[in-house]
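**Q** Those letters in the sequence shown? Residues 3 to 240, by our numbering.
Source of the hints: derived by calculation from the structure; they are not laboratory data.
What you are looking at is a predicted structure, and each value in this text was computed from that prediction instead of being measured.
It is possible that part of the hints are untrue.
Calculated pairs, PhoX-like style, for lysine-lysine (alpha carbon to alpha carbon, straight line, at most 25 Å) [what the hints assert, rightly or not]: (1) K51 to K113; (2) K71 to K44; (3) K90 to K113; (4) K96 to K38.
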Amino acid sequence: MLFKKLKTFIIDLIFPVFCLGCQKEGIVFCNDCLNKLEVNTKPFCPVCKFRLGNEKPQPDDLHRNCRNKTNLKKLITATSYSNPIIRKLIDTYKYQFVKELDQPLSQLILKSINFPHVGHAGKQEFIITAIPLHKKRWQWRGFNQSELLARKIGQQLNIEFGDILKRVKKTAPQVQLNFEERKTNIEKAFAIKEGIDLNKKIVFLVDDVYTSGATMNECADILKKAGAKEIWGIVIAK
Numbered sequence: 003m004l005f006k007k008l009k010t011f012i013i014d015l016i017f018p019v020f021c022l023g024c025q026k027e028g029i030v031f032c033n034d035c036l037n038k039l040e041v042n043t044k045p046f047c048p049v050c051k052f053r054l055g056n057e058k059p060q061p062d063d064l065h066r067n068c069r070n071k072t073n074l075k076k077l078i079t080a081t082s083y084s085n086p087i088i089r090k091l092i093d094t095y096k097y098q099f100v101k102e103l104d105q106p107l108s109q110l111i112l113k114s115i116n117f118p119h120v121g122h123a124g125k126q127e128f129i130i131t132a133i134p135l136h137k138k139r140w141q142w143r144g145f146n147q148s149e150l151l152a153r154k155i156g157q158q159l160n161i162e163f164g165d166i167l168k169r170v171k172k173t174a175p176q177v178q179l180n181f182e183e184r185k186t187n188i189e190k191a192f193a194i195k196e197g198i199d200l201n202k203k204i205v206f207l208v209d210d211v212y213t214s215g216a217t218m219n220e221c222a223d224i225l226k227k228a229g230a231k232e233i234w235g236i237v238i239a240k
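Hey, can you work out the whole structure from these sequences and the hints?
**A** Structure below.
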């Protein structure tokens, strides 16, 4: 333990850490910068991407024309990817392998989860999971960025993390593809792990960014077929 602290101290001395927002020394992203970020507190429709919460009598339901186009019940997105600071945080987290950003990014997501019944979710009906990486991508990055977020969120909400999905096909990076190519690329890329029982479960499915929705919708279809009652998408940004 002492050796680990000494090692960290020496590394920080040689390679000091600065906040990605304000350049304050000693932290990768400070609370002051975190608190300045605009946060969404209402869910979005995963199909048309418009905000939910203004319709009666069931304001959190999907729009009528969208309900048969997805197995996602709703999309919780903490903020907008158009914010340059958010893009910088996500890119640094994913491509510069700064795992410590899971803390502020998970806190950002938690601020956007504004449903009373979720706040009391120590129940067996809830489970949280993440979009899995292919093993080669995991070996390259060394961690699954979405899984780290899911575990942090689960701890805070007292919801069990479930290692539910596996990636069975290596796919091209979605960022390089258009909408139709993304759907084709990700088709049949995932499967449920053996021995998983999702009967009557509400599954929180975590990823970093929601763009076309192809990846999350593909996973939602598989989770629904496996017996999940509802699937809620949760992301940092869209």
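**Q** Determine for every hint whether it applies to the structure shown.
**A** Hint check results:
Annotation: proposed proximity of K51 to K113 holds, straight-line Cα distance about 19 Å (limit 25 Å). With a C-alpha separation of about 21 Å, the suggested pairing of K71 with K44 holds against the 25 Å cut-off. Taken as a hint, the K90 and K113 pair is honoured in the structure, with Cα atoms around 20 Å apart against an allowance of 25 Å. Between K96 and K38, the direct Cα distance comes to roughly 22 Å. Compliance with the 25 Å bound is thereby established for this hinted pair.
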